[in-house]
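*Asks:* Let the sequences and hints guide you as you build the complete structure.
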Amino acid sequence: MSLTVDIIKSGGNRPSEPFRRIKLYKSLVSVCMSVKVPQGQAEDIADSVCKNVINWLKDKTEVTSNDIRTVAAKHLKRLHQEAAYLYEQHHIII
Amino acid sequence: MSIAASLAIIILAALIHSSFQLSLSVLTILSGHTIGSKNTQKKLFSLTTSFIFGAGLITLLLSSAVVLILINLFGSNSPQVVWAGGCGLLFGVAISVWLFYYRREKGTALWIPRGVAKYLLIRTKATKMKSEAFSLGMTSVAGEILFIIAPLFIGSLAITQLPAPWQLLGILIYTEISLSSLTIIWFLIGRGKTLGKIQKWRETNKYFLQFAAGAGLIILSLFVYVYEILGTTVGGL
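Those protein sequence lines, which keep their order, are chains F and G.
Number 51 in this note's numbering belongs to position 51 of the first sequence; there are no gaps in the numbering.
Number 31 in this note's numbering belongs to position 31 of the second sequence; there are no gaps in the numbering.
Hints were generated in silico from the structure; no laboratory data involved.
Since this is a predicted model, take the numbers as computed values, not measurements.
Even for Gly, the Cβ is constructed at its ideal location relative to N, Cα and C.
Among these hints, one or two may not hold up.
[Stated by the list, open to error] Derived BS3-like pairs (lysine-lysine); straight-line CA-CA distance at most 27 Å: (1) K26/F <-> K128/G; (2) K77/F <-> K23/F; (3) K118/G <-> K128/G; (4) K77/F <-> K26/F; (5) K200/G <-> K77/F; (6) K118/G <-> K197/G; (7) K42/G <-> K36/F; (8) K77/F <-> K206/G; (9) K77/F <-> K125/G; (10) K125/G <-> K42/G; (11) K125/G <-> K38/G; (12) K77/F <-> K106/G; (13) K9/F <-> K125/G; (14) K23/F <-> K51/F; (15) K74/F <-> K118/G; (16) K43/G <-> K26/F; (17) K197/G <-> K23/F; (18) K77/F <-> K118/G; (19) K51/F <-> K74/F; (20) K38/G <-> K197/G; (21) K118/G <-> K38/G; (22) K26/F <-> K197/G; (23) K106/G <-> K26/F; (24) K128/G <-> K200/G; (25) K26/F <-> K193/G; (26) K36/F <-> K200/G; (27) K130/G <-> K38/G.
[Unchecked claim] Computed from the model, here is a short list of chain F residues facing chain G with C-beta under 7 Å: (28) S30; (29) M33; (30) S34; (31) V35; (32) K36; (33) E82; (34) Y85; (35) L86; (36) Q89; (37) I92; (38) I93; (39) I94.
*Replies:* If you want it as structure tokens, here you go:
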């Protein structure tokens, strides 16, 4: 599924790109699996978070990638705290 | 300088080296991507092991290079001004570590150039093969050279004071101990400890680790100053 929302990349150095659900979905599955969530459950969690993010995006035309990350982490936190923690940490580990 | 005193300096310098966190951060992210990309435990083991070997090799090479340069310049008895310079370097880096090591923000982001951090992040995500993980380990050590240079220099200086047959052992001891924190994380990940818990621990204790690294550098600096400079000028030791 694709919305007509532009994602402004962090730092503003890279060009913006349209929102792609699959990209968000894959990153969520990946972070869930990295904290040992079984694949099926990870996919269910990612699906649920994606739905919430898309719902949030509906009335928007432009958001930053950090906004997406923050909203996704907020919803992920309700489903799996440790995965949400790692998801939030991803860009601030190094 | 006695063999025991040299070894004590080498061991303390290597422990301080191992307390620096850039390689640990990269190893944590590498493990996260490897597990998250549905790779097998065997793949995780091979990538993280290659990473540690890469970090070990560059440490070994850097240490050997500094030892070689020091021996060529000063032989096995470095003048006191070199020791004093080493103490100053330790002290300066200690203050820098206390002031700047971690960025004042959430997470464990380090005070290294953002370009280097971004490059490491991109390379870590792209790492799929053992050779890439190996060079990533080397790069991560090089990325933190501003901080590790002080313990590396003083450790190497202490190695030059050892009798020739002991020097290789000194370099190996330094390298082995400097990899201890990486080895612990590698072991924990291998035993199934989740990355969230490891990262949470690192974030919770980051200011303690920062303080400990700075304090270690100050203690090492004072020890070297008293033993090598005051001890020989006053003639007590």
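*Asks:* Compare the structure with each hint and give your call.
*Replies:* Here's how the hints hold up against the structure:
Between K26/F and K128/G, the direct Cα distance comes to roughly 17 Å. Compliance with the 27 Å bound is thereby established for this hinted pair. For a cut-off of 27 Å, the pair hint linking K77/F to K23/F stands: about 19 Å separates their Cα positions. This hinted pair checks out: K118/G and K128/G have alpha carbons roughly 18 Å apart, not beyond 27 Å. Taking the CA atoms of K77/F and K26/F, the gap is about 17 Å. The hint holds against a cut of 27 Å.
Straight-line distance between C-alpha atoms of K200/G and K77/F comes to about 15 Å, which keeps the hinted pair within the 27 Å bound. Straight-line distance between C-alpha atoms of K118/G and K197/G comes to about 24 Å, which keeps the hinted pair within the 27 Å bound. Between K42/G and K36/F, the direct Cα distance comes to roughly 15 Å. Compliance with the 27 Å bound is thereby established for this hinted pair. Among the hinted pairs, K77/F with K206/G is consistent with the structure: their alpha-carbon atoms are about 23 Å apart, no more than 27 Å.
Restraint check for K77/F and K125/G: satisfied, since their Cα atoms lie roughly 23 Å apart, inside the 27 Å limit. Between the alpha carbons of K125/G and K42/G the distance comes to roughly 18 Å, so the proposed pair stays at or under 27 Å and holds. A threshold of 27 Å between alpha carbons decides the hint, and for K125/G with K38/G the separation of about 14 Å falls inside it, so the pair holds. Proposed proximity of K77/F and K106/G is supported: the alpha carbons are some 17 Å apart, at most 27 Å.
For the suggested pair K9/F and K125/G, the alpha carbons sit about 17 Å apart, so the restraint of at most 27 Å is met. Restraint check for K23/F and K51/F: satisfied, since their Cα atoms lie roughly 13 Å apart, inside the 27 Å limit. For the given pair, K74/F sits about 25 Å from K118/G by alpha-carbon distance, which is consistent with the 27 Å threshold. Of the pairs offered as hints, the one joining K43/G and K26/F holds, with about 20 Å between alpha carbons and a cut-off of 27 Å not exceeded.
Taken as a hint, the K197/G and K23/F pair is honoured in the structure, with Cα atoms around 25 Å apart against an allowance of 27 Å. For the hint pairing K77/F with K118/G, the CA-to-CA distance comes to about 26 Å; that is within 27 Å, so the pair holds. For the proposed pair K51/F and K74/F, the alpha carbon gap of about 13 Å is at most 27 Å, so the pair holds. Proximity of K38/G to K197/G is assessed by CA-CA distance (about 20 Å); at most 27 Å being required, the pair is judged to hold.
At most 27 Å may separate the alpha-carbon atoms for a hinted pair to count; K118/G and K38/G meet this at roughly 24 Å. A threshold of 27 Å between alpha carbons decides the hint, and for K26/F with K197/G the separation of about 22 Å falls inside it, so the pair holds. With a CA separation close to 25 Å, the supplied pair K106/G and K26/F stays within the 27 Å bound. Among the hinted pairs, K128/G with K200/G is consistent with the structure: their alpha-carbon atoms are about 26 Å apart, no more than 27 Å.
With a C-alpha separation of about 23 Å, the suggested pairing of K26/F with K193/G holds against the 27 Å cut-off. A hinted pair counts as satisfied when its Cα atoms are at most 27 Å apart, and K36/F with K200/G qualifies at roughly 16 Å. For a cut-off of 27 Å, the pair hint linking K130/G to K38/G stands: about 17 Å separates their Cα positions. Contact between S30/F and chain G, as hinted, is supported at the beta carbon level, the nearest pair being about 3 Å apart and thus within 7 Å.
A least Cβ separation of about 5 Å between M33/F and chain G falls short of the 7 Å threshold, and the interface hint therefore holds. Residue-level restraint check for S34/F holds (minimum Cβ-Cβ distance to chain G is 4 Å; threshold 7 Å). About 5 Å separates the beta-carbon of V35/F from the nearest beta-carbon of chain G, less than 7 Å, and the hint is met. A least Cβ separation of about 5 Å between K36/F and chain G falls short of the 7 Å threshold, and the interface hint therefore holds.
Interface restraint check for E82/F: the shortest CB-CB distance to chain G comes to about 4 Å, inside 7 Å, so the restraint holds. Hint status for Y85/F: holds, given a least beta-carbon distance of 5 Å to chain G, under 7 Å. Using the Cβ-Cβ criterion of 7 Å, the hint placing L86/F at the interface with chain G is satisfied: the shortest such distance is roughly 5 Å. The criterion of a C-beta within 7 Å of any C-beta in chain G is met by Q89/F, whose closest approach is roughly 5 Å, and the hint holds.
The restraint placing I92/F at the interface with chain G holds, with a minimum CB-CB distance near 3 Å, inside the 7 Å limit. Taking 7 Å as the C-beta cut-off, the interface hint given for I93/F holds, the closest approach to chain G being about 5 Å. Among the interface hints, the one on I94/F holds; its C-beta lies about 4 Å from the nearest C-beta in chain G, closer than the 7 Å criterion.
Against the hints set out earlier in the document, no violation occurs for any number.
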